[in-house]
Amino acid sequence: MLCEKCKMREANIRYTEVVGGVKTEYNLCSHCAREMDFGHYSAVFDTDYPIGKLLAGLFGLDADGGENDEFDVNQVTCPTCHTAYSDFVKDSRFGCPDCYRVFDLLMSENIKKVQGSDTHTGKRPLYNREGGQEGAGEDEETRLLKSIEILDSRLKEAVQEEEYEAAARYRDEIRELKERLGEHA
Amino acid sequence: MLKWYQETENQHDVFVASRIRLVRNLTHCPFPVKLSGEERKKLAEKLEEGLKDIGSVCRKDFRRISLSAAGGTEREALRERRAIGAAGAAEEGMESLLLSEDETVSITLAGDDHVRLQCMSGQAELSRLWEEADRLDDYINERFPYAFHEKYGYLTAYPTNVGTGLRAAVTLHLPMLSAGKRFGKLVAEIGRFGVAVRGVYGDGNETYGSLYEISNQKTLGVTEEEVITLVKQMADRLAASERKMKSVTLKSHRTDMEDEIFKSYGVLRYARKLNLKEAMTYLSQVRAGEMEGLLQFKEPVNICRLMTEIQPANIRMLVPEEEENDLNQARAAYIRKLLPELV
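Order-wise, the sequence lines are chains A and B. 170 is the number that our numbering gives to position 170 of the first sequence; each next residue is one higher, with no gaps. 335 is the number that our numbering gives to position 150 of the second sequence; each next residue is one higher, with no gaps.
Just chain A, same shape as in the assembly (with noise of 0.2 Å):
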């Protein structure tokens, strides 16, 4: 399962909140739990108790913890097919189209290296409408897929930069727009 708020990394900590009998559930990376206000429980995660860091390298956090821990781009998931970027760069083989979008940051500038070029201009798809309706309705469908798009690569710059508030604004924004995508369908 992914890290239900940076989506890109696996998620190894579950942590079940009761207020007032109301239930919530997260499913979290280490480093998104780190982030994460767990009240009174956080100091599990910054003490130097060492039963903190006991507990800390159970859920598979740096003992020492802080701020200087670097993003591992290697855990970079795929949401669809699983496939981790560790995984791409060993096989050098994708797992699914939507790879290509996930990892799009991480190796535009190989494919560059490879290809010579990181940019299609060659034949596109005649038919690829879903429906085929051509017209309006197509052109409609059409920006809507390119500011998702180009919402997604600022999502991935976001959370790469680890602004995440900026990042949750961005996700409602995608979320709204594939809702409207799916009404057009």
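If you are wondering where the hints come from, they were derived from the structure by calculation, not from laboratory data. A portion of the hints provided could be inaccurate.
What the hints assert, rightly or not - Only pairs whose alpha carbons sit at most 30 Å apart, straight line, appear in this in silico DSS-like list of lysine-lysine: (1) A:Lys146 <-> B:Lys336; (2) B:Lys219 <-> A:Lys146; (3) B:Lys336 <-> A:Lys90; (4) A:Lys113 <-> B:Lys417; (5) A:Lys7 <-> B:Lys219.
Assemble the complex: chain A is given as a structure, and chain B must be docked to it using the hints.
What follows is chain B alone, placed relative to chain A:
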């Protein structure tokens, strides 16, 4: 019906074959490597059902071959005839093949990618093959939407195919050029232009029969026409060098050349056992002799057909199982049967 490599009309001295290959994937479906055996099978069935009338596009009869059900030898034989890629021959996965009767058009389903479309012919005609592949591609696309990215173009399992998904290749017979000391240097030099040269038949590092395939390496940021023009230009350059060398040798060492060619013919005509390397070397000599008019056969023959059909798996398919223990004997017998007498 004759297969494309069996045609005896319009043979060219250097250009032996042309090939256009397109790789395509469907939207909303992981690449075959991420699918279970069952899912691959379903995907192949869905594609087969959608493409059952594909023959109408190029007016050819197609047959369906289940590669997973086919034995290793049959798959290997198809690879030797270049109807499928190495991945299709090696892997024990579900994969099916739509093959036209003359074996010019082959469509591999659920291999490395969802669809691998290939058009081949024994002539130097990349542009016509591209037109044919383009039409077939549109026909498939009409039924199955493709995974396409605004920036990266057609999406493929390997990043080396992304963009156009196009491999344009020309097979050349280069007996003179490849015997020269400078051939390795020449290949390296051509590589700088983004074109790869590799031996078609052989064993590891050694190429048998002097057949070489010239193909584009890059697939992204170039249009299909640019790729085809590049491959054509490089192939033309190699062909011109080969011809020049041949005419020089014919002038200076005509008797030596004739001697080698007639000796080769003699061995092929009367040998009782031939291993692959011997057979390929002599056939290559005989082909060069025929193309120069030094050898004249009573009946027309396509030497490249023999080169294809004496490959190990193809020979094994030809001989009954009880005689399988000596392929070299079967190979020599097969060549004796097909090689015509001299005028």
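Checked hints:
1. At most 30 Å may separate the alpha-carbon atoms for a hinted pair to count; A:Lys146 and B:Lys336 meet this at roughly 11 Å.
2. Pair hint B:Lys219 plus A:Lys146 holds up; C-alpha atoms about 27 Å apart against a cutoff of 30 Å.
3. Restraint check for B:Lys336 and A:Lys90: the C-alpha separation of about 24 Å stays at or below 30 Å, so the hint holds.
4. A threshold of 30 Å between alpha carbons decides the hint, and for A:Lys113 with B:Lys417 the separation of about 24 Å falls inside it, so the pair holds.
5. A C-alpha spacing of about 20 Å is found between A:Lys7 and B:Lys219, which places the hinted pair at or below 30 Å, so the restraint holds.
Checked against the numbered hints above, the structure violates none of them.
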